[in-house]
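Quick note on numbering: the first sequence equals residues 25 to 475 in the working numbering.
It is worth saying that the hints were derived from the structure and are not from the lab.
Incorrect hints may appear among the rest.
[To be verified] In silico EDC-like cross-links for lysine to aspartate or glutamate, where the CA-CA straight-line distance does not exceed 20 angstroms:
id: 1; residue 1: K329; residue 2: D129
id: 2; residue 1: K267; residue 2: E245
id: 3; residue 1: K334; residue 2: E294
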Amino acid sequence: MSKADATTRLHIPGTEIEVPADATSHCFALIDCNNFYVSCEKVFDPALRDKPVVVLSNNDGCIVARSNEAKALGVGMGEPYFKYKETIEKNHVRVFSSNYTLYGDMSSRVMSTLAGCTPQIEVYSIDEAFLNLAGCEHIHGYGSLEEFARAIRATVLQWTGIPVSVGIAGTKTLAKLANHLAKKSEKSGGVLSLVDSPYMDRALEKTPVIDIWGVGRASAEKLIKLGITNAKMLRDADSSAVKSRMGVCGLRTAAELKGLSCYDLVDEIEPRKGIISSRSFGNRVETLEALEQAVASFVCIAAEKLRDQKSAAGSISVFIHTSPFLRADRKYSNSTTMHLPQAGNDTGELIHYAHAGLRKIFREGYRYQKAGVRLDNIVPCQTVQANLFDSPNRSRRDRLLKTIDYLNAQMGSGTLKYAAQGHSQTWRTKCELRSPRYTTSWDELAVVGSS
DNA sequence: TCTGGGGTCCTAGGACCC
DNA sequence: TCTGGGGTCCTAGGACCC
Numbered sequence: 025m026s027k028a029d030a031t032t033r034l035h036i037p038g039t040e041i042e043v044p045a046d047a048t049s050h051c052f053a054l055i056d057c058n059n060f061y062v063s064c065e066k067v068f069d070p071a072l073r074d075k076p077v078v079v080l081s082n083n084d085g086c087i088v089a090r091s092n093e094a095k096a097l098g099v100g101m102g103e104p105y106f107k108y109k110e111t112i113e114k115n116h117v118r119v120f121s122s123n124y125t126l127y128g129d130m131s132s133r134v135m136s137t138l139a140g141c142t143p144q145i146e147v148y149s150i151d152e153a154f155l156n157l158a159g160c161e162h163i164h165g166y167g168s169l170e171e172f173a174r175a176i177r178a179t180v181l182q183w184t185g186i187p188v189s190v191g192i193a194g195t196k197t198l199a200k201l202a203n204h205l206a207k208k209s210e211k212s213g214g215v216l217s218l219v220d221s222p223y224m225d226r227a228l229e230k231t232p233v234i235d236i237w238g239v240g241r242a243s244a245e246k247l248i249k250l251g252i253t254n255a256k257m258l259r260d261a262d263s264s265a266v267k268s269r270m271g272v273c274g275l276r277t278a279a280e281l282k283g284l285s286c287y288d289l290v291d292e293i294e295p296r297k298g299i300i301s302s303r304s305f306g307n308r309v310e311t312l313e314a315l316e317q318a319v320a321s322f323v324c325i326a327a328e329k330l331r332d333q334k335s336a337a338g339s340i341s342v343f344i345h346t347s348p349f350l351r352a353d354r355k356y357s358n359s360t361t362m363h364l365p366q367a368g369n370d371t372g373e374l375i376h377y378a379h380a381g382l383r384k385i386f387r388e389g390y391r392y393q394k395a396g397v398r399l400d401n402i403v404p405c406q407t408v409q410a411n412l413f414d415s416p417n418r419s420r421r422d423r424l425l426k427t428i429d430y431l432n433a434q435m436g437s438g439t440l441k442y443a444a445q446g447h448s449q450t451w452r453t454k455c456e457l458r459s460p461r462y463t464t465s466w467d468e469l470a471v472v473g474s475s
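Please model the entire structure based on the sequences and the hints provided.
Written out as structure tokens, the structure is:
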């Protein structure tokens, strides 16, 4: 298919990142359930309507969902419960411990409703999905994308009781941004499209960098120091400045804000590359025996998930750490990875290795509050053949470009990652084949070429 | 003249997402 | 006093192999 060819073509000198040839022809919708966990609770108890409600994390430690009424009281997302206890009691906020079985079930109902609306859907998280809306409004006989999106929204609400917001745009990052604005704007009615929108610049201007999908706290701080405070400024920023602060991810985000799609819809569910089962203990755990018991039960959970996805673990990691809120000099953490002689998913065997790892790291520490276990799957490894160069007199840069041509021709898919590694007093080039999504940049090649 | 070059695996940390 | 859990990807350096 021509689309596959376009997405795998390697970087062309002079541009910062590779962008697929059809990057401007997409139409994504991001459907996001409003206050999802709270909305689930409200479905099952209509008396909660218009009441302030919050849902707490495991161990009732943090607030992980808030109704609009609770948000209005200033209750923060991801904040520890005890900080807001007073506000919550004073305002008769209803408090729920999380019920992930219920949320998982409601999520499947929402997702299957959405799947019935369009042929292509990517379930992005428990409460979000990307849809490919290209051409859909005509198939279903609607006059516009927005009209179609409003119909989807009404269907989900009617069939599941869950209110959703819809953002529509040419890239995933812009669809996220549109969704964000749809949630904030009263008059949007929960649907906002930035496709061919005269308000694009204004929408970007209104969005602070921290609210951009892919920009977290660390990058936001760096961008603000550069004077880049909103999405429009990031879109129009100098690429090399963005690259040096945020790496290739930053370049992709900036490209997506320009309307060049770098992230495609992923509609196949890949097996997990690692499985983590970990828990904070309610109280301090200090003996090896207690930790062994905890680790054994975590391994059981992880091994079951492993068998569910029909994988086998090649290694198992165990980690322990004290509360992250202790003073620096009281903190301790340690971890180890045990390699299995043969990949497996037998609980007993995995517990055996996990315990061996735990004993190893326990000797070095003194007090632990958290313990967990992680399984790493065997990941197939892709290889690039060497012996690409026959003429040793060619300049390095020239040879690298030859390599790119060669691999383009040979592999058909996949892209190269280049890095320079100091070795003796000279530079060494490294190239690894990675999955097709990753791209290289001219900057890196230039460093190698000029050294 | 010009220190070799290509490649794998591992570790560890950082950043981001929900 | 009380601060979640499960993920992905990227970067960089080092050891080691032929």
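Okay, the hints, checked on the actual structure:
| no. | hint | in the structure |
| --- | --- | --- |
| 1 | K329 / D129 | holds (17 angstroms) |
| 2 | K267 / E245 | holds (15 angstroms) |
| 3 | K334 / E294 | holds (12 angstroms) |
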